[in-house]
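Colleague: In case you want the letters, here they are:
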Amino acid sequence: MPDYRVELRVHLRPGVLDPAGEAVGASLGHLGFAVERVEVGKLLTVDLTADGPEAAEAAVQRMAKELLVNPVLEEYVLEVRPR
Amino acid sequence: MTADVVVFPGSNCDFDAAAALSTALPGATVRRQWHADLDLSGTDLCVLPGGFAYGDYLRAGALAARSPAIAAVKALIARGGLVLGICNGFQVLVEAGILPGAFQTNSVQHFLCRDVQVRVCSTASPLLAGVREGDVLRLPIAHQEGNYRLTPPEYEHLLGEGRIALRYCGEDGQSEENPNGSYGAVAGVLGARGRVLGMMPHPERAAWPKIGRADGLRILGGAAASLAQGGVR
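Residue numbers (the working numbering), protein chains in the order written: chain A, 1 to 83; chain B, 84 to 316.
Since the hints were made in silico from the structure, they are not lab data. No residue lacks a Cβ here, since even glycine has one placed at the ideal position from N, Cα and C. All the pointers check out, no bait thrown in.
Residues on chain A that point at chain B, a partial pick, calculated with CB under 10 Å: (1) L12; (2) L17; (3) P19; (4) A20; (5) A23; (6) K42; (7) L67; (8) L68; (9) N70; (10) L73.
Label-pair restraints from in silico Cβ distances: (11) A/G41 / B/R197: 28 to 38 Å; (12) A/H30 / B/R221: 33 to 43 Å; (13) B/P235 / A/E39: 16 to 26 Å.
Partial pick of chain A residues on the chain B-facing surface, computed with a CB cut under 10 Å: (14) V16; (15) D18; (16) L44; (17) E66; (18) P71; (19) V72; (20) E74.
With these hints in hand, go ahead and build the complete structure from the sequences.
Modeller: And the structure:
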């Protein structure tokens with residue numbers, strides 16, 4: 001079976017307080033950068049073997065649902081690549 | 084009675100919790116058990132202690148909530164046993180889906196380590212047998228992600244079932260105070276049927292009468308009376 005790398009980008013849902021993003025944004029302001037907003041998210045890289053890209057995506061979707069993402073606060077996008 | 088404290092990798096309030104339980108529950112057998120070998124078959128009360136289980140990697144409590152220990156905790160609840168989650172233990176119970184809601188970083192954006200007052204809003208649990216509605220307890224908090232989020236319908240549902248157990252409040256017990264931004268200033272909630280209590284403040288750090296800090300004993304000792312009247316097994 002082929003090898004895949006799935007990148008899962010997790011970010012807070014719109015409207016959810018992002019203290020890390022606010023703090024980083026404020027620090028950028030202290031350095032003189034003009035930024036409207038900074039958001040701090042997470043990147044998870046999952047390497048796995050699967051029957052095909054659809055199967056790899058489906059597996060990581062299940063992982064997201066069961067552990068990797070808290071749907072109350074977070075959203076995610078994922079990208080599947082051959083490895 | 085038997086009280087067990089679950090030890091996850093990264094738990095750091097387990098010794099304090101066990102010591103405080105020994106004070107609060109005279110005559111009880113109090114044990115600390117490693118999560119991977121957890122045996123709750125003879126347990127009346129299981130405590131998930133504070134700390135940073137699994138380093139709080141991914142999200143606070145997320146990895147501990149997938150430990151095999153959680154199946155044992157759910158089985159204990161199913162047979163009527165009592166579960167108390169303190170701070171990180173509360174976060175684990177929420178991540179495990181045993182209690183509703185989610186935790187976010189404190190609204191003040193930094194770690195909070197200080198005393199707070201909480202008002203008792205419900206006593207619909209054997210775990211709250213030692214307090215009365217309206218009582219104000221002085222307990223320490225120590226957390227970064229204590230901003231407890233509920234949706235308005237979830238909150239109303241819990242309120243209707245008497246499951247909002249503790250709220251942060253000012254020193255007079257009436258005025259509003261909300262150190263971490265929690266929805267409805269909720270500091271503790273009950274699970275269905277009152278068998279589970281999750282709370283952010285640390286009762287085990289306020290269990291020492293000789294230094295004038297004993298309000299935590301009223302939580303930790305509360306279960307003793309109801310358990311003595313027949314136990315939960």
